[in-house]
Amino acid sequence: MTIPEVHLWSGETGEATPADAAVLSAAERARAARFADPVESGHYVGAHARVRRILARYLECGAAEIEFGRHACPGCGDTRHGRPAITAPATGISFNHSRCGPFWVLAVAPGGERVGVDVERVRPLAAFDGLLARCLTARERRWVLRGGATEHPGRFLRCWVRKEALLKGVGTGIATDLTQVETVAGADFGGLRALDLPLGPRLVGCVAVEPSRRAVPSPSAVPAPGSPQAASHQKVQLPDSSTEPKKYGERLVILGTGITDLRAPTHR
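Using my numbering, you'd call the opening residue of the sequence shown number 1 and step up by one each time.
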């Protein structure tokens with residue numbers, strides 16, 4: 001499998017500001033207002049504002065100018081739960097993002113390949129036995145239970161984020177029977193491969209990518225704006241790595257350029 005170039009941004013939101021809310025769409029602001037917990041609402045606003053601001057740098061437009069839609073679900077054709085899409089301005093890039101509390105991850109594929117991403121906070125899980133039966137394959141259940149009791153939640157959530165990332169990348173979401181999605185080493189689903197994200201001890205995350213559609217350059221570092229490498233995909237301008245991650249406490253990793261800290265799932 002040829003891994004495509006995928007840019008993985010991750011971070012933690014601070015307190016949301018009026019400027020953050022101002023770049024959201026009316027639909028996003030309405031959704032934020034529906035959260036019963038004002039803290040969670042603030043996390044939603046902050047994360048979505050950062051996603052917009054990062055994408056705006058690729059698209060060379062204002063963050064508030066971006067319009068989102070969805071691709072049709074490949075299973076039923078419904079556009080309410082397919083992969084997210086940028087409907088304006090016109091672009092060939094694809095993206096996916098996930099949030100858990102203040103933590104968020106954004107994956108951008110400049111070449112337009114399908115991509116999915118998911119993140120969860122490691123935590124105790126209620127009704128654990130029921131979750132195992134409903135969500136995991138027999139092989140996954142054996143792997144989860146092989147660890148000690150304190151490891152069970154983290155192992156389950158590792159399987160969960162792999163499934164979520166794969167299904168978000170395919171575009172069906174968790175409407176698919178989760179027991180039909182195997183996440184053991186080397187397993188693909190819908191033409192995508194799951195790769196675990198190194199997000200520290202508090203979080204588990206996964207990005208799912210499909211094989212590259214084209215040859216991509218392999219820069220040793222994130223190119224600066226205006227460099228030839230920064231315009232290698234449809235004249236996409238990468239956010240300036242010298243300021244953006246430091247300013248917002250974010251991390252940027254480019255997949256498909258020789259990095260070694262992403263790995264295929266292993267069940268040991």
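Simulated from the structure, these hints should not be mistaken for laboratory data.
Be careful, since some hints might not be right.
Claimed, not checked - Label pairs and their in silico Cβ distance ranges:
#1 Cys61 / Arg142: 28 to 38 Å
#2 Thr2 / Pro198: 13 to 23 Å
#3 Arg34 / Cys61: 40 to 50 Å
#4 Glu151 / Ala19: 40 to 50 Å
Built from N, CA and C at the ideal position, the CB exists for glycine as well.
Outcome of the hint check:
1. Cys61 / Arg142: 28 to 38 Å: violated (49 Å)
2. Thr2 / Pro198: 13 to 23 Å: Holds - the Cβ-Cβ distance for threonine 2 and proline 198, about 22 Å, lies within 13 to 23 Å.
3. Arg34 / Cys61: 40 to 50 Å: The hint (40 to 50 Å, Cβ to Cβ) is violated, given that arginine 34 and cysteine 61 are roughly 28 Å apart.
4. Glu151 / Ala19: 40 to 50 Å: At 42 Å between Cβs, range holds.
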